[in-house]
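**Student:** Produce the complete structure using the sequences and hints provided.
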Amino acid sequence: MKGSLIILGFFLSGVLLGRLDVIPRADQAGDLASWALYMLLFVVGMGIGFDTRSFRILRELHVKVALVPLFVGIGTLGGSLAAWALLGDMPLRDVLGVGAGFGYYSLSSIMITKMGDAALGSMALIANISRELVTLLSAPLLVRRFGGLAPVMAGGATSMDTCLPIIARYAGERYGIIAVFSGMVLTVAVPILVTAIFNWM
Amino acid sequence: MIVEIGCIAVGVPAGYLLRSRPAVVGAVDRLTTWSIYTLLFLLGLSLGSDDALVAKAGDIGLRAVVISMASLAGSVAAGWLLQHVLLRGALDGPGATHPASPETGAATPPVTAHTGDRP
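Top to bottom, those sequences are chains A and B. Under our numbering, the residues of the first sequence are numbered 11 to 211, in order. Under our numbering, the residues of the second sequence are numbered 2 to 120, in order.
Treat the hints with care, since some could be wrong.
[Stated by the list, open to error] Cβ-to-Cβ under 10 Å is the rule here; a few derived chain B residues that face chain A: (1) Val11; (2) Ala28; (3) Val29; (4) Gly62; (5) Val77; (6) Leu92.
Just so you know, these hints were derived from the structure itself, not from any lab. Note that beta-carbon positions come from the ideal geometry of N, C-alpha and C, so glycine has one too.
**Tutor:** In structure tokens form, the structure reads like this:
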């Protein structure tokens with residue numbers, strides 16, 4: 011939560027400084043952004059390599075738990091298709107790309123900015139931050155109405171970290187473990203899916 | 002985007018090999034956090050310095066909320082189907098449970114401390 015606010019602060023101060031026009035040649039920041047992105051992807055990969063919990067979880071739990079991240083993907087795809095029909099005038103590729111962030115707003119918005127444009131990247135940032143915030147706020151309600159799996163599904167990739175404490179508290183420790191597994195799979199899936207959507211659609 | 006996927010693909014084994022070195026883990030955390038700060042600051046900058054985009058900010062935000070709420074609702078619905086129709090409660094039923102083990106502790110926040118790759 012605090013981390014999200016700090017990140018939002020950096021984004022908003024960028025908007026403000028861009029608005030005030032105080033940074034000369036701000037439009038030439040593209041090269042810096044490319045290198046920072048490559049670096050980010052490399053360290054994200056290292057972070058994934060540090061963490062060996064998901065293999066252990068898969069071994070310990072029933073193999074059916076592997077269906078959880080798959081169904082988050084299916085549900086997100088279905089929801090994105092509905093949003094695409096509702097909005098009416100956006101390319102399907104763009105809507106699917108924004109949805110495929112699964113709440114992982116930092117990486118998805120940055121990649122989409124590079125492969126799409128700043129407008130779409132900003133949309134991805136807002137969409138995925140709101141997915142995380144709404145999950146955090148509605149987790150108790152989701153558990154009551156739809157069962158313990160619901161906040162895990164809603165949180166997407168954020169189920170493994172920011173949304174984990176609230177999931178473990180309201181849905182129980184067992185769903186906390188499922189949340190870690192599903193969140194890790196989706197975290198790995200985000201850069202792959204976003205890249206695939208923007209290159210092959 | 003071979004380069005993007007390549008960066009991650011090289012990072013994973015590197016991280017796996019260096020996972021027990023706290024200095025490396027700490028450095029990776031800080032690098033991750035600051036590259037995200039930098040990149041989102043730059044994204045804000047390109048948004049803010051573009052008058053046409055600023056004029057569309059409300060529209061962008063509205064679309065973002067529509068997409069995210071539809072995705073969230075779709076995921077919750079898919080989860081409900083999975084749990085109540087396909088698996089019939091197998092995820093929380095005793096048939097699929099395992100006894101509380103040291104592993105269960107791994108799901109609680111202290112262990113996520115080094116997953117700074119997803120702040």
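**Student:** Can you list which hints this structure breaks, lowest number first?
**Tutor:** No hint contradicted; all consistent.
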